[in-house]
Amino acid sequence: MAGHGHEEAHDETAGPKVLAVSKVSPKVRTIAVVRPSEHDVTYLEAARKGLGVTLRHFMKNFFGKRRPAEALAKGEAVEPRSRFKPAWNEIETIQYPEEKTHYPERFRGLHRLMQREDGNVRCVACMCCPTVCPANCITIIPAESDDKGVEKKPAVFEIDELRCVVCGLCVEACPCDAIRMDSGVHAKPVENRGDAIMTRELLLGLSADVGKDPQSTATQGGEGPDWRG
Amino acid sequence: MSDPAPTTPPPPDTVTLTIDGTAVTVPKGTNVLEAAKTLGIDISAFCYHPGLSIAACCRQCLVSIEKNPKLQPSCQQTAGDGMVVRTTDPQSTLARKQMLEFTLVNHPIDCPICDKAGECTLQKLYFDHDNADSRVDVPKVEKPKVVDLGPHIVLDAERCILCTRCIRVCDEVADSHQLEMINRGDHQELTTAPGQRLDNPYSINTVDVCPVGALTAKDFRFTMRAWELDSTPSVCHGCATGCNVEIHHKNDRAWRLVPRLNAEVNGHWMCDEGRFTYHELREGRLAAPVVDGLPSSWDKALGTAAEKIAAAQAGGGLAVVLSAQAGNEENYALAKLATAWKAQVFWTARPHRPERADDKLRDADVNPNTAGVKAILGGAADNDAAALEAALTAGKVKAVVMLGYDLPLSEGALRHLRELDLIALASHERGPVKHAAVALPIAAWAETAGSVTNRDGKLQRTHAAFPPPGQAVAGWEAVVRLGQAASPAAKLTWAHGRDVWKDMTAAVAPWKGAPWGREVRPLQLRFAGSRG
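These protein sequence lines are chains R and E, in that order.
At position 173 of the first sequence the residue is numbered 161 (the working numbering), and the sequence of numbers has no breaks.
With the second sequence counted from 1, adding 3 to any position gets you the working numbering.
Incorrect hints may have been included.
The list that follows gives simulated cross-link-like pairs (lysine-lysine, DSSO-like), each with its CA atoms no further than 30 angstroms apart [stated by the list, open to error]:
(1) E:Lys494 - E:Lys303
(2) E:Lys363 - E:Lys40
(3) E:Lys345 - E:Lys401
(4) E:Lys148 - R:Lys136
(5) E:Lys494 - E:Lys377
(6) E:Lys437 - E:Lys461
(7) E:Lys143 - E:Lys40
(8) R:Lys136 - E:Lys401
(9) E:Lys143 - R:Lys136
(10) R:Lys136 - E:Lys399
(11) R:Lys48 - R:Lys88
(12) E:Lys461 - E:Lys363
(13) E:Lys437 - E:Lys377
(14) R:Lys88 - R:Lys200
(15) R:Lys136 - E:Lys253
No lab work stands behind these hints, which were simulated from the structure alone.
None of the values given here were measured: they were computed from a predicted structure.
The whole structure should be built from the sequences, with the hints applied where relevant.
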């Protein structure tokens, strides 16, 4: 870009041009401020470049042909540019939501809560995930469970998906494999911020919605001997 | 060990011993564990508690002592002159590590659902000492879980490590033998004594001393994790004893009170009733100024109050009522304003409850600051409610400025009061405050820095744990605002509780020269280590 004129004014290694050094405190220096040249502030050069890009896209979309939808969905690499089949001659636009683009393997998506064999929530409200959450998006209010072997359950389990930074630390922290981030679905667009808060029931039902097994096979309480028999 | 060669001989009632190569002089009768503590050496222990008798049953504090063939429990070993103690030698380190592994054999390790996690001694020692996987692959011994021991306590016998601290708390603090151990070996478990429940006024102290999560308080169970809480030192406002407490708070509310060591007042303990006083901090609070039953602004409320005060003052019918439920600062500020107004001054308190009194911590006087109000008024009568009642029924009073909401008067006097202009500075919308012409919201005891005076005349500082609700301000600040609106001539210009304290300690003889001390910031419990 031609917008920043200082690139030609000095090289990075030399640092700014020093005009004067304070005698009292040598760290205080007067340096030359590099301002953009008159040619730059008119933005003529940038405008010309931008128009060129727009024109190129127009030509491509007008005369080019679409890539096959399957190729887009699979996320196949753009074919190498050749003389007769240049890659730029293919339109990248996809017809969302009928067609969906390829996602990286490590895409997580919304949280989901796992279930026990009896369909109850696996979470024991240990508060490890709200403790570790850097975005403070998890709210748990614990309560006494009817099952004496479980003791503790979440009366309220809410995740504010707008606050969530999708770091996955809650999954790492969970000692019970009760929370996972593998649903692969986006947070839904909402009109009110409150609608983005996923309640316990929504998080529990998400497994069925995305067709994944809602139950975890991990041993509750770790991999020790099954002392409850 | 070289010759210590002290320039002055140590006092006769002390002994000098060497722990890990460092000489330390302690009073005679001190045990080795406490002597090590003075050097900053924290010998691990479960069953030892400085406020209880010594059982030496957990064997977690074993140390090597020179010329002694076997390892000694440092809690039971009295420090002797010239004793050479080692806490870091391979023999005692291994012994403590093995004791810890032994303790962990049948422990369920259900830290995720255990309320003690984060302040558990066993957890802490595991990280300090061992940090190794279990070598035991036989099933753990099953014991009763979620046992209802009494009105306030739930027991998980599997988590219990059999330290017997709780039994000693019941025996020695509450003087009631309600807990016992039954069976032997790995089947030993804690239970209530025959025909007994864990039901005494000091029962929740067993939860505090429990080094693991075996005993949990129903009041706090499953509400908060220990590591999420902040701790602010304060003083219990449940009665005139003034037990030193820590307020454990988070999200601008208190979640529990736990006792704080003060050998001169409460030792390590406090009563159950005092622990529950924090619930009041959230019930029926006054969060905005109220004029004639409607929420209002501070400006409008102060203006209305100033008019009513001026009207009553002109007729000589202004009465000011101080409260033994409020702290020293607000009482002093209002008393000073009353002098400027030339008003009649009374003080009230909640009625005594002799049935709750014992010779330990619980006092019949359920007011935290009776001694403070008396000191501020300089020899006031014991029961001032009668004088206030007489003045009200005589019809001489036109307006009342009242601190707090406790007014133990007869129905007739309260009816008289309803016809008057009542200006209340109160934290709660209760009793007469509901009918007040003007109600000004003030902070409750946990929300402001201040002080109270206990039954022994001991002046104790409290600290602000969290901000007051809504538009409430500290009591002395409400008095300053009222003074500036109603009588600017009184020149109340305090800007900080410290300024009130400075004037108050200069004016009230018994508190002369008392220091305000450092401001205390809440301490995050996650950095405070184990409490067990």
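Outcome of the hint check:
{"no.": "1", "hint": "E:Lys494 - E:Lys303", "in the structure": "holds (21 angstroms)"}
{"no.": "2", "hint": "E:Lys363 - E:Lys40", "in the structure": "holds (28 angstroms)"}
{"no.": "3", "hint": "E:Lys345 - E:Lys401", "in the structure": "holds (14 angstroms)"}
{"no.": "4", "hint": "E:Lys148 - R:Lys136", "in the structure": "holds (7 angstroms)"}
{"no.": "5", "hint": "E:Lys494 - E:Lys377", "in the structure": "holds (24 angstroms)"}
{"no.": "6", "hint": "E:Lys437 - E:Lys461", "in the structure": "violated (34 angstroms)"}
{"no.": "7", "hint": "E:Lys143 - E:Lys40", "in the structure": "violated (35 angstroms)"}
{"no.": "8", "hint": "R:Lys136 - E:Lys401", "in the structure": "violated (62 angstroms)"}
{"no.": "9", "hint": "E:Lys143 - R:Lys136", "in the structure": "holds (17 angstroms)"}
{"no.": "10", "hint": "R:Lys136 - E:Lys399", "in the structure": "violated (65 angstroms)"}
{"no.": "11", "hint": "R:Lys48 - R:Lys88", "in the structure": "holds (22 angstroms)"}
{"no.": "12", "hint": "E:Lys461 - E:Lys363", "in the structure": "holds (17 angstroms)"}
{"no.": "13", "hint": "E:Lys437 - E:Lys377", "in the structure": "holds (27 angstroms)"}
{"no.": "14", "hint": "R:Lys88 - R:Lys200", "in the structure": "holds (20 angstroms)"}
{"no.": "15", "hint": "R:Lys136 - E:Lys253", "in the structure": "holds (28 angstroms)"}
In this structure, the hints that do not hold are numbers 6, 7, 8 and 10, in rising order.
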